[in-house]
Structures are given as C-alpha cells and as structure tokens.
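A.B. asks: Each chain, written out:
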Amino acid sequence: MGALTGVDDEPRLIERARGGDREAFGMLVDIHQDRLYHFVRRQSRDDDEAMDIAQEAFVKAWTKLALFRADSKFSTWLFTIAANECRSRHRSRKLEPVAIDDATMQVSDPHEQGAQATLESEELKASLHKALASLDSDYSQPLILLHFQGESYQSIADILSIPLGTVKTRIHRGHKFLAEKLRPLGKTETTSVRHASKGHKAQP
Amino acid sequence: MNETPCRHFEDDLSTWMFEGALDEKRLAPLKGHLKTCSSCRQLKDDYSAMKQGLGEETLKAPPELKSRVLQRIAVGSSPRRSWVGPLSYAAAASVMAVMFWGLSTGELFHRPQLALENQRRLGSAPSERHDRSMLKKDGESAPSKMDGTGRKGYVHDLDGKSTKTSELSDENDSQWNAPTQALQSDTAPGDASTEKESGEGMAGDPTGGVLSGDPEETPTLTLTLGLKFKVLKKDLPMLDKALKDLSLHRKPLVMPTDKRLEDIPSLPTWIPPGQHPPQSSEGQADLWEYVELVAP
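Heads up: the protein sequence lines correspond to chains W and Y, in order.
Quick note on my numbering: the first sequence kicks off at 1 and runs consecutively.
Quick note on my numbering: the second sequence kicks off at 1001 and runs consecutively.
Keep in mind the hints are simulated off the structure, nothing from the lab.
All C-beta atoms in this analysis are idealised placements derived from N, C-alpha and C, irrespective of residue type, glycine included.
A hint or two may mislead.
As the list claims (entries may be wrong) - Covered, in the sense of this in silico footprint (three residues per stretch, anywhere, with C-beta under 8 Å from a C-beta of chain Y), are these stretches of chain W:
#1 18-31
#2 37-44
#3 56-64
#4 124-130
#5 173-179
Chain Y extracted, bound-state conformation:
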C-alpha cells in the first residue's frame, strides 16, 4: 500500500473508530481534517460499516478435530525432552560436520551402516533413541547401561538402510525410525573388510532383516517407560518376565493409519538376553508383536 499524505490521520481514524477512544490532542486535529478531506471521510464511512461485520461469536471447532489430534499424537513421538536444548547447537554442528563429510565423500549415501558395524565390533552402539529411552523424568539420572538397573535384550536397527526409510524420518515419524548411527562413526570410511561385513548384514529383509554375528556383540535395548519396539511373539514370555521385574507393562502399539508394518523396518527389536537375533525368515509381520511400555 502506498503512503498517503493522510497516513497520520488514517492511523488516528483507525484508533478512534475501532478502539473507541483517541487522545483529545489528536482527536481535534482529526475532526478538523475530516471536514476538508473527502478521502478520509470515505474511509471513516468504510470503517463504520466494517465495525458491523467485525466481531462475532467464536466458531466451534469441528468435533473431529480433537479425535484427529489424539490419533496423531497416539502414534507420534512424545514431547521432546528439554535436555536437548542446551546441546542443540553442538549437536547441530556435529551433524553438519558429518553431513559435510558425507556429502563431500559420498559415504553418507553409500555406507550408512558402516559405523554401526564398527561399533558392534567395539561392543557398544548406543543409539540416540536408546539413550533417550534411558533418561528419567525430572532430571533423575539415567540408569547405566551396564549396572543392571534396566533390563536389556539385544536390538538391531536398520536405519539408513534405504531411501524409503529416510523418507519416513520426518518430525512426526521419528519414533518409527532407528537412530542415525552413521553419525556416530569413529572409524574412517573405506574399511573394505567392514564394508563387506556390513553389506552382508544389511542385505536382509527390509521388514525385519537381521545382522549376523555374535549376539554378545549386539547392541542392547533397555526396557524403559514409553519405549516402543517389536518382539518376536515366541519371546513374549521372556519379555513379560523381564517387565515384571521392572514393574512395567506392555500394550499393543497403535499403528499409524497411513502406515503398514512393513513401512517401519527400523523399529527397534528386543531380543532376550543370550539369544541370537532372529533370522531373516522370521521377518514376517505375523510373527512379531509391536508393543509400547507403559506404567502399571
């Protein structure tokens, strides 16, 4: 909108007409101006008419709004912990650094599972999700992975395995995706033997493919409140026993209406301690139970 010579009076007119009051020192000049300016008189008439149409009873939200919101948050991530705030700059810098490295070398696209394999070799692959799940509320310190305060089973994640998985990794789908462990790489890319090993391990069934290797080297999944994961139905008795010790209950995980089980290949898997990860033949959906841990 172009500036007009009357702008000052137009602003005062707006205040006068819609707020119902104007300082006398400004009202008198405005009234004087209105006697001589037809354009502002027209605007005043416009405002008089507009006032009749402005203001109304609050519209009622459609009844389905709440149900849709609740449906979406039932399958979405929980409120994010504020502890990520102070770390966000450092985390963002780290991610950008790795992204820069990945983009410049192409490693980010070709071998996303490399770091996972390397960490498996080291006997430790704490995922971001895993770490988050270990955090307690209200600043209570998180249980140590190895101190026995949390029940553990073996877990394997297939994050970064395919483009399809990446596409699911938006804000609202984060819970369905395993952490980006490629970002945790502490090994230089290009290790041919590691690449070969990981390539074999990651070539399995995208709906529940497995990593080969000694389960003793497999990362573990700590059972904590709110954790969402899948477990083979045959392992449910052992899971229930573990949950009983932890005073936790499980409930069926509600699936998003727009997703199928096979769309979420990277949901963590709980494997009873001492057992090997399931074989690829066990990747069929009807063999799995998808659960969320809740308080009793």
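Bound-form chain W, shown alone:
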C-alpha cells in the first residue's frame, strides 16, 4: 500500500476500486469523507443521522462505481449520491421540523463583551444550521454547497442535476426562507440593530 494519495491520484484509485480493490476505495474515502460528512451533517438532525447517510452514500458509490463516467468529477458524482440519499431520508421522515429555538439561545454574562460577541456568533451559527436542516432539501442543498462547500453555481447544478437557472432561483429563495426562519428568533434583528448603531452603510 502506498502513501495516502491526493486528488492527483484519484483516477488511478478509481480504476483500482472499479476492479474490486477495497483498499483503493478506502483511499477515496479518505480524500472525500470530511467534505461529504460536512455536507450531509448540515442537512441532518444529529451526528448519528449524518453518519448513517454518509456511510450509505459511500457504500452506494462502491456498488455503483462501474456506472461512474471518468469524464466527470468523482466528487460531483459522489455528492450527487449523497444529495439523493439526504432527499430520500428527508422524504421518509416527512421533513420533520427541526426546533431552532433551543438552549443555545441562552445568553450568559453580559459584561463579557468579547465572550458575548463570540457567543452571539456561535448562537447565530447554531441557529443557522438548524434552520438549514429544517428547510426543504431543494433549498438547503444548494445553500450548503454554496456556502459551506464553496461550490460554484455550475458545480451545484451538476451535483443536483438541475439547470443553472434553477440553482440560482433556489439559492435566492433559500436565503429568504432562512431569513424568515431566523427573524422571529431575534437573531438577525440583534445584528441589524448593532450594525445600525455603528453607522454601517448599505454595503454587502
């Protein structure tokens, strides 16, 4: 077994895995597991569900490896499988709403301004993640791929097998849905007031 390989060696690893080489497939798992887990975790209720989905996605990739076309990116193909698996899970649990308002909303010592800011930031992130997980996967998946995976619009279109225009529409709609879910929690208002008090201009 050679040293852990990078993406440069990916085509060779894929060919070996196609031939039944499980060790080579394990190296492919090494390369992609963090990003794939992140992708599914942001759509899952908890770590266990994310683990199940990520595991299932890799196993399906293994069994369907012969169907992978070498002229496309392996990561795109892999994420397509994961996205489908997430959608399937969401459908099976009827998109149970994820509670956004929870203990993370509690605020501690208000005199510790630095800690307070950090806490607010962490609370905001936690609320955002839960709001994302509560969105329909049609909207959450493009948002996650854009903001957390750094994928381009075209790449998102490839992964989700939808037209580029649909990607843009869903991202715009998704942003608004997120804002509407967070607004009642006062998360965005707090920041808005803070920004206003600091005289922020209307810049993106």
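Could you slot chain Y onto chain W? The hints should help.
C.D. replies: For chain Y alone, kept in the frame of chain W given last:
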C-alpha cells in the same frame, strides 16, 4: 413561499449580499428600491446578519466512518460491471414479463425452484452469478464453461426457496444469495413430475440442503477471482489443488456482522468434480469453510 412584488429585487439583493457583486444596471435600481421598501431593507439587514453565520471550517468526519464503510464493502458486492448497462433495459423487460407471468399465475411464489430442476435435466443451469463470475476484467472474453479454462466443481443453489431468502436479496446482500434461476425457466409451469422432483430436492436443510440426483447433471461452479462460496472442509485439499492450477488463492470469507452462517443458505457450494453433492446431514456450519478467491 408566496410571490412578492419585490421578488426581482429580492433576488438581486441575494446576489449582491452573498456574491458580493451585482451588475451596475441592476444595482442602481435595487438601491433606489431599498430607500422606499421597508420590507426589503429588513431583508437586507437579515442577510447581513446571516453572512456572519454562513461559512465555516469543514467538519471532520468521525473516525469510525471510514472503518464502517470498509466493513460494509468487505462483505458487500464488488462494483457492478458496466456490461450490465446496455443490457439493463432488456433484462428489466424480461424480469417484468416473468414477474407478470408469476404474479398472474402464482407460479413465482409456489415453485421458484422449478426452472432449476428443468435446467438440471438439460444438464445446464448457468446462474447469473455464475456467468458474472466468469467475466474477465477489461473486456477480456470470459472463459467457456466447457473449454477447461476454468476449474469447475458442482454447485447447488437454494435461491427462492423461502421467504427469508428473498428478504435478504436487497442490493447489499446480493452476493449472499444465489441467482434467481426461476427467471430462466424455459418450461411451462405445471409439470407435475418436475414439481414433485423439485419439491423433494428442495425440502432439505435450509442452511445447506442438497439436491438429489446425478452429479453429472448438477450445475458447475467455475473458480474465478472474487468468487465467494462455501466448501466442505473435507474437500479443501481438492479445492486447493484446483486453485493451484489456476494460480488463485483462497481466504476466509468475512461474515457480515449482522448475519450468521445460517442466514445465508444460498451461498454457492463448490463440490469436487465427480463427487456427489453433500447430504443434508452435512449441513452443519462447522463442517463448512466459507471462502473468497483472491489473486496470489
């Protein structure tokens, strides 16, 4: 979400805020709109706050993810050969036709082993798995069953024998199940004598029951790379001799953590050429070796 009169501006706002750039021809009207629309100003503030929470370092996958994946694929089927692709439509049509026949007549449920028996009579029952195992990689032609390029022993499969077996036949369990030879039937259902014969033959031990009859009529199992099967421990010396001729090695087959030996009744059995299939009394798990063929 309902359409709003501001939708066009909301989309532009989303682009401006999250992509950081917007064509000037669209930016100027948007800024003008923001001065008059409180709803869109609120949305802009929302987006400003959201931007702080979006984006983060990639989460690390739990260490056990890889080990679990490798554990599952160690006992799962190998990547499927792409050769099934072009044939998939025809195969699906055939399966549907047989399913329709089976459902309409009930034969699919009552006599799944019928075709196997009929094929045994004809001296040929190439299973789907058997055929797959004979395929070589990289488009190399498969060895003929009868040309001596592959070592053969006798095999019997008990697929379709029970509901339990069918339940195991999902995607990931396919390797543990024998092929659906009932689908290969070329004999009309209802042959009473065949039914009787097969009924006797299939009534044995579900963990390793046997088919009676002349071994010369028993389907053979070609020993090829990656094949998974069981063999009586007493036959291991003969198997090893056959493998030596083929430059193949055997390794113990790793069992799925959620399955026991008795849960996989339909794993093919290798029987040395010229020998009879094992009797039902030999169906105990400790008499069997479960192996997979690997390259030296």
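A.B. asks: All the hints need checking, so say for each whether the structure fits it.
C.D. replies: Consistency of the hints with the structure:
no., hint, result
1, 18-31, "holds (count 8)"
2, 37-44, "holds (count 3)"
3, 56-64, "holds (count 5)"
4, 124-130, "holds (count 4)"
5, 173-179, "holds (count 6)"
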